[in-house]
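Q: Residue-level listing of the chains:
Protein chains: 2
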Amino acid sequence: MAKEYPPLKSVPGFSWLGINLGIKDETPDFGVIASDCKCSAAGVFTRNNIPGAPVIIGREHIQDGQLQAIVVNSKIANVATGQSGIEDAKNMCRWTASSLGIAPEQVLPSSTGVIGKRLPVEKIQTGCESIPGKLGSTPEHIENFARAIMTTDTNPKWGCESIGNATLLGVAKGAGMIEPDMATMLSYFVTDASLSCELLQKMLRRVVNKSFNRISIDTDTSTSDTVIILANGLAGEVDAEKFEEAFTRIAVNLAKEIARDGEGSKKLIELTVSGAESQQMALQIAKSIINSPLVKTAIHGADPNWGRFVMAVGKVFQYPVSLDELSIRFGSESQGMTVNAHNLDSSKVSLDAISKYLQNNEVQLEVTVGKGSFAETVWGCDLTKEYIEINAFYTT
Amino acid sequence: MAKEYPPLKSVPGFSWLGINLGIKDETPDFGVIASDCKCSAAGVFTRNNIPGAPVIIGREHIQDGQLQAIVVNSKIANVATGQSGIEDAKNMCRWTASSLGIAPEQVLPSSTGVIGKRLPVEKIQTGCESIPGKLGSTPEHIENFARAIMTTDTNPKWGCESIGNATLLGVAKGAGMIEPDMATMLSYFVTDASLSCELLQKMLRRVVNKSFNRISIDTDTSTSDTVIILANGLAGEVDAEKFEEAFTRIAVNLAKEIARDGEGSKKLIELTVSGAESQQMALQIAKSIINSPLVKTAIHGADPNWGRFVMAVGKVFQYPVSLDELSIRFGSESQGMTVNAHNLDSSKVSLDAISKYLQNNEVQLEVTVGKGSFAETVWGCDLTKEYIEINAFYTT
Numbered sequence: 378m379a380k381e382y383p384p385l386k387s388v389p390g391f392s393w394l395g396i397n398l399g400i401k402d403e404t405p406d407f408g409v410i411a412s413d414c415k416c417s418a419a420g421v422f423t424r425n426n427i428p429g430a431p432v433i434i435g436r437e438h439i440q441d442g443q444l445q446a447i448v449v450n451s452k453i454a455n456v457a458t459g460q461s462g463i464e465d466a467k468n469m470c471r472w473t474a475s476s477l478g479i480a481p482e483q484v485l486p487s488s489t490g491v492i493g494k495r496l497p498v499e500k501i502q503t504g505c506e507s508i509p510g511k512l513g514s515t516p517e518h519i520e521n522f523a524r525a526i527m528t529t530d531t532n533p534k535w536g537c538e539s540i541g542n543a544t545l546l547g548v549a550k551g552a553g554m555i556e557p558d559m560a561t562m563l564s565y566f567v568t569d570a571s572l573s574c575e576l577l578q579k580m581l582r583r584v585v586n587k588s589f590n591r592i593s594i595d596t597d598t599s600t601s602d603t604v605i606i607l608a609n610g611l612a613g614e615v616d617a618e619k620f621e622e623a624f625t626r627i628a629v630n631l632a633k634e635i636a637r638d639g640e641g642s643k644k645l646i647e648l649t650v651s652g653a654e655s656q657q658m659a660l661q662i663a664k665s666i667i668n669s670p671l672v673k674t675a676i677h678g679a680d681p682n683w684g685r686f687v688m689a690v691g692k693v694f695q696y697p698v699s700l701d702e703l704s705i706r707f708g709s710e711s712q713g714m715t716v717n718a719h720n721l722d723s724s725k726v727s728l729d730a731i732s733k734y735l736q737n738n739e740v741q742l743e744v745t746v747g748k749g750s751f752a753e754t755v756w757g758c759d760l761t762k763e764y765i766e767i768n769a770f771y772t773t
Numbered sequence: 378m379a380k381e382y383p384p385l386k387s388v389p390g391f392s393w394l395g396i397n398l399g400i401k402d403e404t405p406d407f408g409v410i411a412s413d414c415k416c417s418a419a420g421v422f423t424r425n426n427i428p429g430a431p432v433i434i435g436r437e438h439i440q441d442g443q444l445q446a447i448v449v450n451s452k453i454a455n456v457a458t459g460q461s462g463i464e465d466a467k468n469m470c471r472w473t474a475s476s477l478g479i480a481p482e483q484v485l486p487s488s489t490g491v492i493g494k495r496l497p498v499e500k501i502q503t504g505c506e507s508i509p510g511k512l513g514s515t516p517e518h519i520e521n522f523a524r525a526i527m528t529t530d531t532n533p534k535w536g537c538e539s540i541g542n543a544t545l546l547g548v549a550k551g552a553g554m555i556e557p558d559m560a561t562m563l564s565y566f567v568t569d570a571s572l573s574c575e576l577l578q579k580m581l582r583r584v585v586n587k588s589f590n591r592i593s594i595d596t597d598t599s600t601s602d603t604v605i606i607l608a609n610g611l612a613g614e615v616d617a618e619k620f621e622e623a624f625t626r627i628a629v630n631l632a633k634e635i636a637r638d639g640e641g642s643k644k645l646i647e648l649t650v651s652g653a654e655s656q657q658m659a660l661q662i663a664k665s666i667i668n669s670p671l672v673k674t675a676i677h678g679a680d681p682n683w684g685r686f687v688m689a690v691g692k693v694f695q696y697p698v699s700l701d702e703l704s705i706r707f708g709s710e711s712q713g714m715t716v717n718a719h720n721l722d723s724s725k726v727s728l729d730a731i732s733k734y735l736q737n738n739e740v741q742l743e744v745t746v747g748k749g750s751f752a753e754t755v756w757g758c759d760l761t762k763e764y765i766e767i768n769a770f771y772t773t
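In order, the protein sequence lines correspond to chains P and Y. For the working numbering, add 377 to where a residue sits in the first sequence, where the first one is 1. For the working numbering, add 377 to where a residue sits in the second sequence, where the first one is 1.
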């Protein structure tokens, strides 16, 4: 375990479990978050037009801004499973609610994994019935939950911060079908701060826009993406601004962890596009670059093939950029390896030095387009043979 | 040489060369098409906002609808090379024109390969000066030209047909940076039919739209894409409708050859999206599927993971499709392995049979969305470890 995990703090009033029901292999595949009392709740879901059954039911259950529990399984996504799938998602809520002594509408269901397969309902029912004896609030319980929601993720992901007397804890999973135009994975946040569901919903949209909506692994948009925050209010009111700052920090870190742990990924790429004439222009160009298979493979191979950045900037047809205005910086501002695309002689940059820099497992890039003062930062990962390996043989 | 090539017929009045100037390895890297007389000419070029110098000069030279020669090199694309690159492209035309005794504006230059490097101008000049002694009109001369324009292509690509007394011959290269929203590669057509440049230009746009604009290898749009047709008129007038039919057939075949020979590709994918409410809807959904890395890797692994098709249909946000209306057919109509996404029980389809079918090196698919009567067919290829291998280490 070379990876260093951030510290894990329990949040008063919330308990967790992550256990194996034999859906996946022998690792946890079933998780629950339960609150002692009703919570203000906010959520954002996939924009995919064919969402999974749990997303359909989850949207219904969160509509009144209240939730008390979340139940999740991994390995099977319960998507494209028709009316039976809807029933399965409802039953997951019913069984969980019955175990916890709450109403089914207080439970949000999530499933992640293969599309087009029915859930193993008997196993899920057994799992739901075992909830009361297995819930707990130790860091181990939380870590087990974080592991239970993983699919092809290679490590669990969480982050927490204190805001005044309150604590905010977020857990996430990512790995594949990740494209940055919406919330694109599963992530759950809980806090004991007291915040209204209206405020939470607005805050969540802003936070997701700065974090999960700025990452990309493969341009494919999952049918199951869900980000939820639950606030039980036990710690009383907090400074909303400070809370949102902490929320954003945790979400950005989780988003980066998801990009770093993208399927087959060896490198986290942080890309800033600056000098744009609008936020939208900066974002479109950033997405074009971070999603380009030719840029991603070049970075994988530590190949200083900056021409592919030129191509990726140029293929954003609605925002013309000329070569005269374009520069590409590899590394941080102080490291300063900048290619001026219009005047190679003035660049005085060593391709060998760029290649050496690209061998790092975290790569920072800035592309300046010389049109204005807007900038956007996005995160992605390289494209590797392991991505092909994982995805050519996923259901079989 | 297991591959079978279509027959190769020379076209009266056109001569060719393909030779090695030491730009690439020992294979041909410099090619010329020369006509005995001025030709009506039409062209379409990349929509990339940062086109290469040869595209900039080529657009100027074709503006009057006339050309007499085309000069091409592979390995270096002469893109993002500033004013020097523009001069290099102009010089390629001047030297070629001087060798052929024509005006420089009658020559269209093309370069394909790495972006951001200067052309080896001395080698190019030597090549241009050697043109007169090396031109010829045998099939071998034409094949050498077709090989000279290749980059990571594994085989040369051509096709020809007779229309009345006239002949139409097309040559193309593809391999990477291929995305179907515009002409995305190099392709040259020559004919001895007599056709006005206005008619040719309209016809070319229609043909490109049905052929090269319907293929995709990796969503990346080259800075060098060019399709040109030259008509020298020696065979007199032809039936324009029949000519366009033949033109379309050859172009579609070349487009399919480009998709089949995409970088690292093991399989040609032919995908029809039908039941759309408009042509645009059919095309958008078809592109979403054919470009999805998760669909491409599943087909590569012969993995019957049809849920990824559902995801790719659902992520076309502007055209909602519901599961009730969606079906996915693997194989031809008569082979009939259809998954009804809304009712798996009615599908009675064996996933093993789909997996076996997907092991073919040509795969036919139809996705029906149940909204109307419009359909579009596109071509693509699978995503493999070899794509990563080729593209992670291309400039070095």
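If you're looking for bench data, these hints aren't it; they were derived computationally from the structure. Some hints here could point you the wrong way.
For identical chains, the list gives no copy identity; a pair is met inside one copy or between any two copies.
[What the hints assert, rightly or not] Here are the simulated DSSO-like cross-link-like pairs (lysine-lysine), alpha carbons at most 27 Å apart as the crow flies:
#1 K494 x K401
#2 K748 x K386
#3 K725 x K511
#4 K619 x K494
#5 K748 x K500
#6 K386 x K467
#7 K748 x K494
#8 K725 x K587
Q: Okay, which hints does this one fail, numbers in order?
A: Failing hints, ascending: 2, 3, 4, 5, 6, 8.
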